[in-house]
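> Numbering follows our numbering, with no gaps: position 111 of the sequence shown is 111.
Accuracy of the hints is not assured; some may be wrong.
Stated by the list, open to error - Straight-line C-alpha distance at most 30 Å; calculated DSSO-like pairs for lysine-lysine:
| # | residue 1 | residue 2 |
| --- | --- | --- |
| 1 | Lys68 | Lys80 |
| 2 | Lys68 | Lys139 |
| 3 | Lys174 | Lys209 |
| 4 | Lys175 | Lys209 |
| 5 | Lys174 | Lys139 |
| 6 | Lys139 | Lys184 |
| 7 | Lys68 | Lys175 |
| 8 | Lys184 | Lys68 |
| 9 | Lys175 | Lys139 |
| 10 | Lys184 | Lys209 |
| 11 | Lys174 | Lys184 |
To be verified - Cβ-Cβ distance ranges computed for the label pairs, FRET-style:
| # | residue 1 | residue 2 | range |
| --- | --- | --- | --- |
| 12 | Val124 | Arg197 | 35 to 43 Å |
| 13 | Asp33 | Ile195 | 17 to 25 Å |
| 14 | Asp91 | Arg144 | 35 to 43 Å |
Hints are computed from structural coordinates only; laboratory data are not their basis. Heads up, the beta-carbon is just placed ideally off N, CA and C, and yes, glycines get one too.
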Amino acid sequence: RCHLNRRVTSVSAMVFMEDSERAASLARENNVDVGLHLNFSQQFTADTASTALRNYHESVVAFLTANKYAQLLYNPFLRKQFAYSCQAQLDEFARLYNALPTHIDGHHHMHLCANVRFGNLIPVGTLVRRNFSFWPGEKSLLNRIYRGAVDRSLARRYRLADYFFDLMQTIQQKKLPRVAALAKSRMVELMTHPIVREELDYIMSEEFKAVLQDIDLSCAFV
């Protein structure tokens with residue numbers, strides 16, 4: 001519904017989950033641009049994942065979910081496990097969609113964790129989701145310095161949007177007009193979760209339709 005009405009221009013999909021096959025079938029039928037939602041923080045639920053993959057993936061999940069700072073640390077003892085899980089997900093995506101992902105992001109944004117970045121696990125040249133963009137004063141200086149450093153390192157290997165915002169946060173903070181203004185000249189990614197009723201109602205509204213009409217969607221994606 002969102003895609004058919006041009007309210008959403010692309011989606012992200014997980015693999016090795018119980019609904020992955022059906023999701024891929026729907027996306028192919030409707031010619032939806034689909035990216036890979038890399039998963040390093042949740043167990044696989046589909047029976048298509050091999051025993052070896054499950055074992056490697058469980059080690060990765062256990063490490064990253066142990067505490068909120070784990071993603072900042074490079075764990076050399078899990079180098080093989082991260083690489084195996086990432087490549088398996090890329091291969092499974094290609095099998096399900098008969099295509100490469102149009103972009104890559106991550107469940108809980110774990111595609112930005114140290115082991116993925118320092119291991120260069122994502123193919124070079126891929127369109128990769130950057131860190132959230134913030135307006136001046138919204139985050140601490142240390143937080144902004146860290147996120148900026150990560151984004152600069154990503155930009156050396158991958159293609160990035162110029163800005164990345166969360167739809168609900170933008171609406172709640174009454175900053176959608178500022179985001180829309182940026183999208184008129186820069187590449188902006190606006191993340192939404194239509195499964196949340198409030199978000200679905202908004203992106204299907206006439207108000208949001210009017211916002212999109214003033215934007216060249218080749219320079220922005222939702």
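> Which hints from the list above does the structure break, by number from lowest to highest?
8
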